[in-house]
Amino acid sequence: MGMKGSPICADNSFTGKGKVRAGLRIALFLAAFPLLLALSLLLGPSGIGIPDLQSPSGSAILSLRFSRLLMGMMTGAALSASGVVFQALLRNPLAEPYVLGVSGGAGLGATLTILAGSGLLSTLGLPVVAFVSAVLTLMVVYGIASQGSSGQPSVYSLILSGVIVSSICSSIVMFLVSTASVEGMHNVIWWMLGSLQPVSAGQQLLSAGLIGTALGGIWLLSPQLNALALGREMAHYQGLRADAVIVIGLLFATLLAATAVSLSGMIGFVGLIVPHVMRAMFGPDHRKLVPLAALGGGTFLVLCDAVARTLLAPVEIPVGVVTALAGGPFFLIILQRRMQQAWIA
Amino acid sequence: MDSISMEQDALTFNNVSAGYKQRRVLDSVSFRVKEGEFVSLIGPNGCGKSTLLKTAAALLKPLSGTVELFGQDVQRIKPAVRASLLGVVPQKIDSPMAFTVSQIVMNGRISSMGRWGTPSSLDHDLVERSMIYTDVLGLRDRFFSELSGGEQQRVALAMVLAQEPRIIMLDESISHLDINHRQEVLQILMNLNREKRMTILLVSHDLTLSAGISDRFLLMEAGTLVKAGTPAEVLDPELLSRVYNCDLTVQQDPYTGYLQVSGAIESLRRRRKLEKSVHVIAGGGSGIELYRRLLIEGYEVTTGVLNRLDSDAEAARALNIPAVLEQPFSPVGAAAIAKAMEMISSADAVVLSQVPFGSGNLVNLQLAEAAIQRGKMVLLAAGIGERDYTEGKAAVDFAARLKRAGALNWNSIHELMTQLQQQPHH
Numbered sequence: 002m003g004m005k006g007s008p009i010c011a012d013n014s015f016t017g018k019g020k021v022r023a024g025l026r027i028a029l030f031l032a033a034f035p036l037l038l039a040l041s042l043l044l045g046p047s048g049i050g051i052p053d054l055q056s057p058s059g060s061a062i063l064s065l066r067f068s069r070l071l072m073g074m075m076t077g078a079a080l081s082a083s084g085v086v087f088q089a090l091l092r093n094p095l096a097e098p099y100v101l102g103v104s105g106g107a108g109l110g111a112t113l114t115i116l117a118g119s120g121l122l123s124t125l126g127l128p129v130v131a132f133v134s135a136v137l138t139l140m141v142v143y144g145i146a147s148q149g150s151s152g153q154p155s156v157y158s159l160i161l162s163g164v165i166v167s168s169i170c171s172s173i174v175m176f177l178v179s180t181a182s183v184e185g186m187h188n189v190i191w192w193m194l195g196s197l198q199p200v201s202a203g204q205q206l207l208s209a210g211l212i213g214t215a216l217g218g219i220w221l222l223s224p225q226l227n228a229l230a231l232g233r234e235m236a237h238y239q240g241l242r243a244d245a246v247i248v249i250g251l252l253f254a255t256l257l258a259a260t261a262v263s264l265s266g267m268i269g270f271v272g273l274i275v276p277h278v279m280r281a282m283f284g285p286d287h288r289k290l291v292p293l294a295a296l297g298g299g300t301f302l303v304l305c306d307a308v309a310r311t312l313l314a315p316v317e318i319p320v321g322v323v324t325a326l327a328g329g330p331f332f333l334i335i336l337q338r339r340m341q342q343a344w345i346a
Numbered sequence: 002m003d004s005i006s007m008e009q010d011a012l013t014f015n016n017v018s019a020g021y022k023q024r025r026v027l028d029s030v031s032f033r034v035k036e037g038e039f040v041s042l043i044g045p046n047g048c049g050k051s052t053l054l055k056t057a058a059a060l061l062k063p064l065s066g067t068v069e070l071f072g073q074d075v076q077r078i079k080p081a082v083r084a085s086l087l088g089v090v091p092q093k094i095d096s097p098m099a100f101t102v103s104q105i106v107m108n109g110r111i112s113s114m115g116r117w118g119t120p121s122s123l124d125h126d127l128v129e130r131s132m133i134y135t136d137v138l139g140l141r142d143r144f145f146s147e148l149s150g151g152e153q154q155r156v157a158l159a160m161v162l163a164q165e166p167r168i169i170m171l172d173e174s175i176s177h178l179d180i181n182h183r184q185e186v187l188q189i190l191m192n193l194n195r196e197k198r199m200t201i202l203l204v205s206h207d208l209t210l211s212a213g214i215s216d217r218f219l220l221m222e223a224g225t226l227v228k229a230g231t232p233a234e235v236l237d238p239e240l241l242s243r244v245y246n247c248d249l250t251v252q253q254d255p256y257t258g259y260l261q262v263s264g265a266i267e268s269l270r271r272r273r274k275l276e277k278s279v280h281v282i283a284g285g286g287s288g289i290e291l292y293r294r295l296l297i298e299g300y301e302v303t304t305g306v307l308n309r310l311d312s313d314a315e316a317a318r319a320l321n322i323p324a325v326l327e328q329p330f331s332p333v334g335a336a337a338i339a340k341a342m343e344m345i346s347s348a349d350a351v352v353l354s355q356v357p358f359g360s361g362n363l364v365n366l367q368l369a370e371a372a373i374q375r376g377k378m379v380l381l382a383a384g385i386g387e388r389d390y391t392e393g394k395a396a397v398d399f400a401a402r403l404k405r406a407g408a409l410n411w412n413s414i415h416e417l418m419t420q421l422q423q424q425p426h427h
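Protein chains in written order, with the numbering used here: chain L, 2 to 346; chain Z, 2 to 427.
Hints are not guaranteed to be accurate.
[Said to hold, decoys possible] With a Cα cut of at most 20 angstroms, we get these calculated DMTMM-like pairs of lysine to aspartate or glutamate:
1. Z/K228 <-> Z/E239
2. Z/K62 <-> L/E317
3. Z/K22 <-> L/D244
4. Z/K93 <-> L/E184
5. Z/K62 <-> L/E234
6. Z/K22 <-> L/E234
7. Z/K79 <-> L/E317
8. Z/K79 <-> L/E184
9. Z/K93 <-> Z/E185
10. L/K289 <-> Z/E239
[Claimed, not checked] Just a few of them, taken from the derived set where beta-carbon distance is under 10 angstroms, the chain L residues facing chain Z:
11. G24
12. N93
13. S201
14. G203
15. A243
16. I247
Hint data in this document are derived by calculation from the structure and do not stem from the laboratory.
Each residue gets a CB set at the ideal place from its N, CA and C atoms; glycine is no exception.
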């Protein structure tokens, strides 16, 4: 084998093959996801089929399914990309919006808004209030975790205080629900179960803008996220403003999670498991991982929603139930086969 | 930036104190490293070497004083520029995610690459060259986290070399390497130093190896710089023995002229056969380090009289040291005194720790006096005045009497060990 003096081209075959294979997988995925999305448009309570576009009800059904597809894409992409960032910044496979209390805080803010009343505030204001309360929650979690440590809190204390703050938030939500009027209670519980019922056009537009901005910002950060995989200290030595990257990354990830919560309620599982599966399939390089995880998370949620409204039609199953029940075993199989390529702890 | 004189300082510490919120680690450290120098930073565990490196790399902000990198205050240099001046190989790096070796090494180029992190052909060349240099090219498609500690260290070095800094600081990075790769990495560092005039600051515990390759040594002790100079100047056996608190010898290899520092394992082994015994008078935790060191050096140790609840009593029990114990909150009884006297009679020497004295344990000084009357060697921790809480400074008077009778003072454990060694075997 070549040592110091030998030509550089020593052995490229493995790299070459590996790259081709990775490229093939990405190409397959990019070809498959529009097909899967199209399939979800065809799935309905009456089985697979194109609704009769001539009839007004048929076109209404298709347009409803299409807006649910958009809701699912936005929510799934936001949750999944958010999970990617939390896992990268905390360098921990358990990190995700729920674990750090971000979703819980956003949920509390959203509950308050929903209970406070209807009108402009509860539609356009929902994402904003959710984001603000999620950021506040993250600050509380960070503050608690920093106590007693010199400077940066450890990942373990962050996750621990995140879990605690998260359960406090959900207790408050429970309390609010139990004292609310019947109508308010119905609204909040329906929202908490998680559903891709289309929200107002204005809120969709605003959410799309927020999610798009945050996704773009995270994609721009992806080389830095790669460097932070070796830890804050090493990233600093390599010339990164490591603390700034961490704070900006956390803010973007929080914005994504909060917007997802305000759109579709509490949908678990996507932010934790989709990033792992995408890493297992396409490797940990965030320049590829961020967009692929966003597409993957969106597609996954859209498919789950199609199943949710079809399986027991006309009864609709909460989509959060489907994500865990249907996605769990499927993803476990993938992870078991390819865990090594995702995360080595 | 390009017109740098040959004699420019690569790294300057001006009266730097640094540390963490509650704990100051560096205390007014000043030194300069010239461009092109190969300097080894040595000192015992926990003396502040890593903190010094972190301060030099602007990871820690000095509490006072300034750190300069090539004449500029390191706190004011832009991070990307700083990375082009200074590279750090930490003690250990780990990547929880499954990055390959070449992906890891590419991180070294991150500050020089464009916004999108797309490597140019120059970046690829530098990464490849660094991997060849450190002999990790064959590992490039392996997962970094699967490699052995030594392989990971060489990958880390490759990453920092790809950064192309003008000064490299290594934090005990070579201690995980096998002997072949340790020589090789040191050879790489020496080549970089000689051919590219790269400045090297190496934190090292292998004093012999460092002596062979370094222009200069910086010796640290408890957060301060105690000596800077050529290896021959710093590797003074007496100074080293004091700083490292153990017996060290320095010899010059007759063939190579290299200085060799060796510990006292040989003499330890010899001493074990002496089977000398020492009775320790301690209390309040002041005996633990004495017990530990005396046992390591091979002495038989006894101790007492101790309060049953004292932390020294617990340590003695844990270390299987015979001890005379007395009930807490009660005066030392005649039985305990007799038992302690028995131990002292069969001991070769009596050592008094830095225990504070009050009326309750003054009896222990009487034991020491009795020992000296029986011709035993008695060693007294210096500075009893600060630990005397008896009325009328009775302990200080006692200590003065003991000294007149021939008791010796000890200041550091190393000094104590030397004194015990000099004691004739009976």
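Here is what the structure says about each hint:
1. Z/K228 <-> Z/E239: Holds: Z/K228 and Z/E239 sit about 13 angstroms apart, inside 20 angstroms.
2. Z/K62 <-> L/E317: Violated, because 58 angstroms separates the two Cα atoms, which is more than 20 angstroms.
3. Z/K22 <-> L/D244: 18 angstroms, holds
4. Z/K93 <-> L/E184: 58 angstroms, violated
5. Z/K62 <-> L/E234: Holds: Z/K62 and L/E234 sit about 14 angstroms apart, inside 20 angstroms.
6. Z/K22 <-> L/E234: Holds - the C-alpha atoms of L/E234 and Z/K22 are around 18 angstroms apart, at most 20 angstroms.
7. Z/K79 <-> L/E317: Judged against 20 angstroms, a Cα distance of about 56 angstroms means the pair is violated.
8. Z/K79 <-> L/E184: 57 angstroms, violated
9. Z/K93 <-> Z/E185: 19 angstroms, holds
10. L/K289 <-> Z/E239: 59 angstroms, violated
11. G24: 15 angstroms, violated
12. N93: Status holds, d = 7 angstroms.
13. S201: 36 angstroms, violated
14. G203: 33 angstroms, violated
15. A243: 8 angstroms, holds
16. I247: This hint is violated: L/I247 lies away from chain Z, its Cβ roughly 14 angstroms from the closest one there, beyond 10 angstroms.
In this structure, the hints that do not hold are numbers 2, 4, 7, 8, 10, 11, 13, 14, 16, in rising order.
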